Amino acid sequence: MEPIIDENTTVLIVGTYPSPISRDTNQYYANPKNHFWKLMGSILDTDLKELEYTGRIQVLQDHQIGLWDTLKHCDIEGGSDKSISNEEYNDFSQVTSINKIICNGKKAEKYLKHCKVPNDVDIITVPSSSPQNRMDVSVKSEKWEEAVPLQKISAKDIMK
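In this text, residue positions in the sequence shown follow this note's numbering: the first is 164, and each later residue adds one.
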């Protein structure tokens with residue numbers, strides 16, 4: 164999938180590789196059981212699950228947040244990261260506006276170590292939003308809120 168990045172993106176949230184549902188719909192975190200949109204909605208104080216996908220993406224971009232994955236291509240069985248093989252990594256070195264990459268889970272962090280990333284970018288790992296991660300959502304939410312900076316965007320900035 165193509166990255167969701169524009170010239171204002173300062174924070175990039177990366178997963179490993181899109182789930183089958185995400186690949187089929189060409190939408191990041193499309194599996195309704197994934198906690199990503201609930202977590203981000205809580206952080207951004209917006210009910211993202213009620214918005215269409217393009218609206219969700221716009222809210223993220225309004226807060227200078229982008230989305231991508233560490234793997235450009237791989238062999239995978241279903242949506243299980245445990246089955247990943249023959250990895251081909253994305254190149255983050257040309258994304259010059261970002262100052263923080265948030266890894267959505269330990270596997271994303273593992274694969275990011277093989278990606279080209281600018282040296283001055285902070286990297287933080289949060290618990291995976293995947294439904295396969297059985298951690299309580301409230302604990303996930305606490306960790307995500309610590310990692311995702313809430314960018315204060317003025318109306319003037321949005322109108323640019």
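Treat the hints as calculated values from the structure; they're not laboratory data.
The structure presented is a predicted model; accordingly, all values stated were derived computationally and were not measured.
C-beta atoms are modelled at their ideal positions from N, C-alpha and C, and glycine is treated no differently.
Keep in mind that a hint or two might mislead.
Claimed, not checked - Simulated restraints on C-beta separations:
id, residue 1, residue 2, range
1, 170, 285, 18 to 26 Å
2, 208, 243, 15 to 23 Å
3, 308, 249, 16 to 24 Å
4, 273, 294, 14 to 22 Å
5, 251, 187, 19 to 27 Å
6, 249, 215, 18 to 26 Å
7, 195, 222, 17 to 25 Å
8, 297, 187, 36 to 44 Å
9, 281, 208, 28 to 36 Å
10, 213, 305, 31 to 39 Å
Consistency of the hints with the structure:
Distance hint for residue 170 and residue 285: a CB-CB separation of about 20 Å, consistent with the stated range 18 to 26 Å. In this structure the supplied range 15 to 23 Å is violated for residue 208 paired with residue 243, their Cβ-Cβ distance being about 33 Å. In this structure the hint that residue 308 and residue 249 lie 16 to 24 Å apart at CB is violated, the actual value being about 36 Å. Here the CB-CB span from residue 273 to residue 294 is close to 20 Å, well matched to the stated 14 to 22 Å.
Judged by the Cβ atoms, the range 19 to 27 Å given for residue 251 and residue 187 holds: they are separated by roughly 20 Å. A hinted range of 18 to 26 Å is violated for the C-beta pair residue 249 and residue 215, which are about 34 Å apart. A beta carbon spacing of about 18 Å between residue 195 and residue 222 agrees with the range 17 to 25 Å that was offered as a hint. Judged by the Cβ atoms, the range 36 to 44 Å given for residue 297 and residue 187 is violated: they are separated by roughly 25 Å.
A beta carbon spacing of about 30 Å between residue 281 and residue 208 agrees with the range 28 to 36 Å that was offered as a hint. Evaluation of the 31 to 39 Å hint for residue 213 and residue 305 yields a failure: the beta carbon distance comes to about 23 Å.
The structure fails to meet hints 2, 3, 6, 8, 10 from the earlier list, while all remaining hints are met.
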